[in-house]
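Undergrad: Working from the sequences, and respecting the hints, build out all of it.
There are 2 protein chains.
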Amino acid sequence: MAQKQYSVRLFIDADLINDSGVVLDRAQAHYVSTVMRKQVGETLVLFNGRDGEWLGHLQEIKKNHALVHITELLRPQVEEADIQLFFAPVKKIQTSLIIQKATELGVKEIIPVQTIRTNADRMKAEKLQLQAIEAAEQSERLTVPIIQEIQKLDQVLKNLEDDRALVFCHERYDGKDAVSVLGSVKGITKWAVLVGPEGGFTDEERKRIMSCDQAHTLSLGPRILRAETAVIAALTLLQALQGDWRSAIN
Amino acid sequence: MAQKQYSVRLFIDADLINDSGVVLDRAQAHYVSTVMRKQVGETLVLFNGRDGEWLGHLQEIKKNHALVHITELLRPQVEEADIQLFFAPVKKIQTSLIIQKATELGVKEIIPVQTIRTNADRMKAEKLQLQAIEAAEQSERLTVPIIQEIQKLDQVLKNLEDDRALVFCHERYDGKDAVSVLGSVKGITKWAVLVGPEGGFTDEERKRIMSCDQAHTLSLGPRILRAETAVIAALTLLQALQGDWRSAIN
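Those protein sequence lines, which keep their order, are chains A and B. My numbering numbers the first residue of the first sequence as 1 and each following residue consecutively. My numbering numbers the first residue of the second sequence as 1001 and each following residue consecutively.
No wet-lab data here; the hints were simulated from the structure. Among these hints, one or two may not hold up.
Calculated lysine-lysine pairs in the DSSO-like style (CA-CA distance at most 27 Å, straight line) [stated by the list, open to error]:
no.	chain 1	residue 1	chain 2	residue 2
1	A	K176	B	K1190
2	B	K1091	A	K127
3	A	K176	B	K1186
4	A	K176	B	K1038
5	B	K1091	A	K92
6	B	K1091	A	K38
7	B	K1092	A	K127
8	B	K1038	A	K91
9	B	K1176	B	K1186
10	B	K1092	A	K92
11	A	K186	B	K1176
12	B	K1092	A	K108
13	B	K1127	A	K92
14	B	K1127	A	K91
15	B	K1176	A	K190
TA: Now the structure itself:
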């Protein structure tokens, strides 16, 4: 894994094919030339979530676009863990942190959830999608998670596939600890992690979640964690015990 | 653990003894009366890191102080995990996040570390200590972690006790995964977690760390994590596998 680090790494929509050219849009051209001060002939890294990660050389830099010549496959696309994150947005800055961290931690899809104590007036999925792209570029992910529009808790639970395990992080839960719960699940490849709003779920919401057949309820320790800390902690444990953090020795 | 939640929870220096009185300072009196709009006779929660957590009643509120009558022990003081965090500060906002999250995750002592790629011009331990107090108040911790002044990496490694395990989070490490490494350590009660700056340690620094007898080197997965994400992930795994997150079922 001691790969070389390139200073510019961008997500683009276009297909990435060896010895072909791709066009960077105005914003990306500005970032590459003005912010990062790259010049024609210099290298950058591109990925599109489908074709792996490629090295490219800048061929032309204009104000409204730039051209990149694709020259070398750095990493092939690989299968990623199928993890959904359901979280209840409260404050804008926390939502941004959650999107960023969930991206770093390899989540495939993020669904903001409307609960009784959610405050989601300012939730804009489109803006959050841009934050996810930036986090993916910087974390060297090969994909970008999909950010969905906000959904009601009932709807999220109703839409949950039968073969997807729901990891429910329960504040003040005195049942089994996280390692016991996650370590004992076998044969599951599809996961969802549900973290509530600050102030928690209502008793009724909690009962509804825990009555799901797919729910695995766990405790994240004796202290009260902020929502973004709980998201990171739960995703860390899931990746470490069941996801792609295990593969280092295999 | 289904304890009642009180809206105001404050850390103070004074001894907490049943049926005695304690004085809140000007800043705390302002917070209690003006921000939280508490009135004489109402309750709040106090802790000092030594005497457990106590319920108190507001007896008097003035501009420069407030008096609280201590009436009931809510939780006795308990032994906490002995975990030190060594981190290399880079940006101010990240340092604040790291202090807050490490506090939520139960760290006992935080030592900022000067490395080749550290940028610690604006590191003020005193200000960080206030952030740790606020995070302890909100996370319902019974103690506040101690924030030390910044130390050089060499000094930190030299001062490490023989019986303290050093958990080294190594970017791009292709050795053993985190669960295998942490799960296999036996008989250790004193821990330290070392997370590098963004940009990483230099090769020489890395060699020096890994040559410590107490070092346990682990990978935090295939993506590049920001420093604050790595801190949260490492502390989560340590608490879940060796620390106080295991106690829920015992």
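Undergrad: Tell me, in ascending order, the numbers of any earlier hints that this structure violates.
TA: 4, 12
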